[in-house]
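Chemist: Dock chain D against chain Z, hints included.
Single-letter residue listing:
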Amino acid sequence: MEQNSELLNELRQWGSPLAEMPRHMPFVVEEDYFTTLPEVLSSRIADSEVGKKPMPHPVPDGYFETLAGNILARVKSEETIPQLKRRKTAFPLPARIAAAALLLAAGWAGYKHYDKPVLPAQQQLAAIPAEEIHQYLGNYLDDMDADLLAGNLADSELNELEQLHNDEIIEYLNDGGWDTSAKN
Amino acid sequence: MYKEDDHILVSAFRNEATKDTAFTQLVRKYQERLYWHIRRLVIAHEDTNDILQNVFVKVWQNLGGFREEANLYTWLYRIATNESLNWIEQQKKRRALPLSETEDFLSARLVTEKGYDAGKIEWKLQQALLALPEKQRVVFTLRYYDEMPYEQMSVVLETSVGALKASYHHAVKKVETYLLND
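If you're matching them up, the sequences are chains Z and D in order. Counting from 1, position 92 in the first sequence corresponds to residue 92 in this note's numbering; the numbering is continuous, with no gaps. To get this note's numbering, take the position in the second sequence, counting from 1, and add 184.
Hints are computed from structural coordinates only; laboratory data are not their basis. Quick caveat: nothing in here was measured; it's all calculated off a predicted structure. Yeah, the Cβ is synthetic: ideal placement off N, Cα and C, and Gly gets one too.
Chain Z is faced by these chain D residues, among others (derived, beta-carbon under 10 Å):
1. D204
2. Q245
3. Q310
4. Y328
5. K349
6. L364
Pairwise CB distance ranges (calculated):
7. Z:P17 / D:E252: 41 to 47 Å
8. Z:E20 / D:A201: 49 to 55 Å
9. Z:D47 / D:A201: 20 to 26 Å
10. Z:D47 / D:T343: 35 to 41 Å
11. D:G249 / Z:P22: 40 to 46 Å
12. D:V345 / Z:S42: 35 to 41 Å
13. D:K276 / Z:F64: 38 to 44 Å
Okay, chain Z solo, but in the shape it has when bound (with noise of 0.2 Å):
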């Protein structure tokens, strides 16, 4: 064969082994293999070809030319249209109605309940009684506090502090922030 001497001149002028090696193919196939094989792939195109045979249904001309013009034409006209309809929720109108309703009874409770009205600073005064006040001052001015007070006044001074009124005490203790609900 002129072609099989043609390899095996090539690999002689290569002086390569391979010209003189068996060149037959070591694996195995199956006896019938070969024998079979057309019969498999004509099922297997056939299966394939299934759905693709010719409806007898006519399809207009130009259908499928313009369908894709046509779709994109009526989604945005109807895009234009302003959504009148009310939106669907998952709850319907009483029960909407009846949780605000539910709502707004919980808040004004709680508004009651925790809303005091506040008294005025000199009834608040008087109604804590005098030793816990005293008691109070000692917690929480210390002896420093009261000498430098007492230092930084003068004696004509020191003689007004007993003429003190309750208002001008409470403005003392609003200035340095005091708590009415204190108690030891």
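Modeler: For chain D alone, coordinates are given in the frame of chain Z:
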């Protein structure tokens, strides 16, 4: 050169009345050559069968548009070669194989082949081929086993004749080295 009988087959395939018969004849004519070409590349029969069937399904789908001035034989080999190389690429990706381990993956399949004998020269040659880069292995098998002329191989692999000659020469030398060192 366009073979007359291939021309008749293609014409018969394009006739709906004779399409199935023509296709069956085409399969019977080329099945063994294509089978062995694929099997030399992928080793296992099961994989070869899958790829070969895919090749012929593609032939069925595309033979109607086949240009008659081309060679049917080289066209079929090109499809078979591409399907085989694509399969190898998929196996590499599926196994996340680095390039160096593709040989091991196919070599492991080779040793499980029925009748495998590491002492026999024909099995050693198959091991030597697996050590070649994929495209060089294709060149070697087309030339050495299929005795394909370089001009036809150039159409199949879309590579110049000169490059193919050089590639085949290098492949032969590598195989010799492998066999001598084994």
